[in-house]
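One line per chain: the protein sequences are P and A, in this order.
Position 97 of the first sequence, counting from 1, maps to 97 under my numbering, and the rest follow consecutively.
Position 70 of the second sequence, counting from 1, maps to 70 under my numbering, and the rest follow consecutively.
Among the hints, a few may not be true.
[As the list claims (entries may be wrong)] Among the chain A residues that face chain P by a calculated CB cut under 7 Å, a handful are:
hint	residue
1	Met-128
2	Thr-129
3	Gln-135
4	Ala-158
[Unchecked claim] 25 Å max Cα-Cα, derived DSS-like pairs, lysine-lysine:
hint	chain 1	residue 1	chain 2	residue 2
5	A	Lys-164	A	Lys-115
6	P	Lys-95	P	Lys-37
7	A	Lys-147	P	Lys-297
8	P	Lys-63	P	Lys-86
9	P	Lys-67	P	Lys-118
10	P	Lys-37	P	Lys-78
11	P	Lys-113	P	Lys-67
12	P	Lys-297	P	Lys-285
13	A	Lys-147	P	Lys-294
14	A	Lys-147	P	Lys-295
15	P	Lys-214	A	Lys-161
16	A	Lys-161	P	Lys-252
17	P	Lys-152	P	Lys-186
18	P	Lys-295	P	Lys-285
19	P	Lys-78	P	Lys-67
20	P	Lys-252	A	Lys-164
21	P	Lys-214	A	Lys-164
22	P	Lys-57	P	Lys-113
23	P	Lys-50	P	Lys-67
24	A	Lys-161	P	Lys-294
25	P	Lys-252	P	Lys-214
26	A	Lys-161	P	Lys-285
27	A	Lys-161	P	Lys-295
28	A	Lys-164	A	Lys-147
29	P	Lys-67	P	Lys-108
30	A	Lys-161	A	Lys-115
[Stated by the list, open to error] Using C-beta positions, here's what the derived DEER-type ranges look like:
hint	chain 1	residue 1	chain 2	residue 2	range
31	A	Glu-175	P	Lys-78	25 to 35 Å
32	A	Glu-151	P	Asp-305	22 to 32 Å
33	A	Thr-125	P	Asn-233	30 to 40 Å
Because the hints were derived from the structure by calculation, they are not lab data.
Quick reminder that beta carbons are idealized off the backbone N, C-alpha and C, glycines included.
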Amino acid sequence: MKMFDKQIATRCVVLVGLLMSTAMLCTTAQARDTVDKVLDADPSGFVEIKHVSGEAKIVGWDKAQVKIEGLLGERTEKFTFERDGKSILIEIEVKNSKGWWSKNDSGKGDDLKIYVPKGSRVGYNAPNAQVRIEGVYGGTDIEVVNGSLRAKDLRGRIRLSSVNGDIRGTDLAGEVALDSVNGDIKANQIEGEEIVANTVNGEIEVTSTASEVKAETVNGDIEFMLERVEELNTNTVNGSINMRMNLAEGGKVRASSVGGSISLEFQENVQARFNIESHAGGSIKNRITEQKVKKPKYGPSSSLDFTTGNANATVDASTVNGSIEVSTR
Amino acid sequence: MSDVNNSSNEQQTDTTKAMITDLNQQHTAKYNDKITELCAQPPAEKQVQRDLYKGIEFAINSPKTSITRSKSIIYGLAASVCLVAIVGYLSYQTGAENTGQQLVQQLSTEHAQQKQSLLASYAGTAEMTQNWQQQLSELDDAAAAIKQALENDPNNIALLKMLKRVHEQQIALIERVHAPAWQQI
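Pulled out of the complex, with its shape left as it was, chain P reads as follows (with noise of 0.2 Å):
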């Protein structure tokens, strides 16, 4: 009768276990504390927003109000959304655990959505968010670094960066600056006056109609189609950059290479004067005229210099022993 006494215990004890376990785990579950707050904005302010993990979508309004919506983070430790002048910070605190870059940070980060009026400046950084922004027209700074980022519609001068994560962009105009160590980077339709893509490991494809455009990698790809160029600045240590560009009259290419490939290519009748540089032992191909490469007696360098047309543009490359290719579509 004892021992039957002692089972029921144990079977007891170890039934209160499990429900405690359960209230727990549920009690953690409802952590993540719901957010519904607004302030007034000036229309044309400024909206900082700074948190660690999870998810972001800001979006611009007509409203001159900021609005965020969503659940917290279950590490959240302080929320904070204020005002100061024209001025609106939304700041998401953690408790400080094993580092908080780290891709294997435990536990679910924020879900959140923030409407901003339309005009505003927007600055966003979060270590491991991923985040979406769209239709905010008064210019936009934002950094991530494990998270992927993904802009659409936006105006002003815009700067997208991540480190690992990689970045869209979509109806881009003005000033666009994107940059990534070892993220991808693609882009389309970038309109406006200027744009700097810049990547260390990563890829970047961009389609656009910038007039000023520069573009550097250290070992990834460039690929860029351009509509109308009138500067154009690229570089490359070992990756490779591939352009295919209408190039405006009056226009100026520069391009330089350490051990990668450049390949420039142009309208059919463009008419520039190319200027073309090998230092070290590297490859030149001219697929434009019959214009052979020049090689001195001695040592390991080789030129190419042609002109087309009326010359208005200059095209000048140089690697030290990687490939450049010009030709024309």
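With chain P's structure known, arrange chain A on it following the hints.
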């Protein structure tokens, strides 16, 4: 009546013509007299100040050796100028090469110092990517390749710019992967 008037008009016309002819004749006669008078006067010639022929004679009879000496002086001067120009050019060339190499050396030294101090300042700071040191090493290799090309062409602007850019990329990479801004959140 009209015939009488016509006859009177014709007489007046004839009289006027006769008067004009007479006046013309008088004027022509006076004019001719004046011309004759002027022609009779001797022309006012300008007198020569000195005898030019003496100078010409001296020039023709002067000894030819003076011309040869002048030429020698001119040739000598020209040769000196050429020599100075060649020496100057050669000095410039050597100086320019030195300048190019010095610039490469200076850029490399400054960059190494900047990189070391930056790495030291970030020592113990969390890194946001795992592969940044490999990328740094690849950029070092790229800089070495550019410097090697610069040994053959020390003043090549494109190569110097490339070297500078690679140095900038290294610094940007170090800053980026340590991103002090992130640490403040």
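Outcome of the hint check:
1. Checking Met-128 of chain A against chain P by beta carbon gives a least distance of about 5 Å; that is within 7 Å, so the hint holds.
2. The beta carbon of Thr-129 of chain A comes within 6 Å of a beta carbon in chain P, closer than 7 Å, and the hint placing it at the interface holds.
3. Taking 7 Å as the C-beta contact cut-off toward chain P, the hint placing Gln-135 of chain A at the interface holds, the least distance being around 6 Å.
4. Because the smallest distance between the Cβ of Ala-158 of chain A and any Cβ of chain P comes to about 4 Å, under 7 Å, the interface hint for this residue holds.
5. Proposed proximity of Lys-164 of chain A and Lys-115 of chain A is supported: the alpha carbons are some 13 Å apart, at most 25 Å.
6. Taken as a hint, the Lys-95 of chain P and Lys-37 of chain P pair is honoured in the structure, with Cα atoms around 23 Å apart against an allowance of 25 Å.
7. Among the hinted pairs, Lys-147 of chain A with Lys-297 of chain P is consistent with the structure: their alpha-carbon atoms are about 22 Å apart, no more than 25 Å.
8. Taking the CA atoms of Lys-63 of chain P and Lys-86 of chain P, the gap is about 15 Å. The hint holds against a cut of 25 Å.
9. Proximity of Lys-67 of chain P to Lys-118 of chain P is assessed by CA-CA distance (about 13 Å); at most 25 Å being required, the pair is judged to hold.
10. Proximity of Lys-37 of chain P to Lys-78 of chain P is assessed by CA-CA distance (about 15 Å); at most 25 Å being required, the pair is judged to hold.
11. With a CA separation close to 8 Å, the supplied pair Lys-113 of chain P and Lys-67 of chain P stays within the 25 Å bound.
12. At most 25 Å may separate the alpha-carbon atoms for a hinted pair to count; Lys-297 of chain P and Lys-285 of chain P meet this at roughly 19 Å.
13. Restraint check for Lys-147 of chain A and Lys-294 of chain P: satisfied, since their Cα atoms lie roughly 23 Å apart, inside the 25 Å limit.
14. Distance hint between Lys-147 of chain A and Lys-295 of chain P is fulfilled; the C-alpha atoms sit about 21 Å from each other, no more than 25 Å.
15. Restraint check for Lys-214 of chain P and Lys-161 of chain A: the C-alpha separation of about 15 Å stays at or below 25 Å, so the hint holds.
16. Between Lys-161 of chain A and Lys-252 of chain P the alpha-carbon distance is near 17 Å, which keeps this suggested pair within the 25 Å criterion.
17. A distance of roughly 12 Å separates the Cα atoms of Lys-152 of chain P and Lys-186 of chain P; the hinted pair therefore holds under the 25 Å criterion.
18. A hinted pair counts as satisfied when its Cα atoms are at most 25 Å apart, and Lys-295 of chain P with Lys-285 of chain P qualifies at roughly 13 Å.
19. Restraint check for Lys-78 of chain P and Lys-67 of chain P: the C-alpha separation of about 18 Å stays at or below 25 Å, so the hint holds.
20. Between Lys-252 of chain P and Lys-164 of chain A the CA atoms are separated by roughly 21 Å; this keeps the pair inside 25 Å, and the hint holds.
21. With a C-alpha separation of about 16 Å, the suggested pairing of Lys-214 of chain P with Lys-164 of chain A holds against the 25 Å cut-off.
22. This hinted pair checks out: Lys-57 of chain P and Lys-113 of chain P have alpha carbons roughly 5 Å apart, not beyond 25 Å.
23. With a C-alpha separation of about 15 Å, the suggested pair Lys-50 of chain P and Lys-67 of chain P falls inside the 25 Å cut-off, and the hint holds.
24. Between Lys-161 of chain A and Lys-294 of chain P, the direct Cα distance comes to roughly 23 Å. Compliance with the 25 Å bound is thereby established for this hinted pair.
25. Only pairs whose Cα atoms come within 25 Å are accepted, and Lys-252 of chain P paired with Lys-214 of chain P is accepted, the gap being roughly 12 Å.
26. Distance restraint check for Lys-161 of chain A and Lys-285 of chain P: the Cα-Cα separation of roughly 23 Å lies within the 25 Å cut-off, and the hinted pair is therefore satisfied.
27. Restraint check for Lys-161 of chain A and Lys-295 of chain P: satisfied, since their Cα atoms lie roughly 23 Å apart, inside the 25 Å limit.
28. In summary, the hint linking Lys-164 of chain A to Lys-147 of chain A is supported, as the alpha carbons are separated by about 11 Å, within the 25 Å threshold.
29. The hinted pair formed by Lys-67 of chain P and Lys-108 of chain P meets the criterion: a straight-line CA distance of about 22 Å does not exceed 25 Å.
30. For the hint pairing Lys-161 of chain A with Lys-115 of chain A, the CA-to-CA distance comes to about 18 Å; that is within 25 Å, so the pair holds.
31. Under the hint 25 to 35 Å, the C-beta atoms of Glu-175 of chain A and Lys-78 of chain P, about 28 Å apart, fit the expected range.
32. At roughly 24 Å, the beta-carbon separation of Glu-151 of chain A and Asp-305 of chain P lies within the given 22 to 32 Å, and the hint holds.
33. For the hinted restraint 30 to 40 Å between Thr-125 of chain A and Asn-233 of chain P, the CB-CB distance of approximately 32 Å keeps it satisfied.
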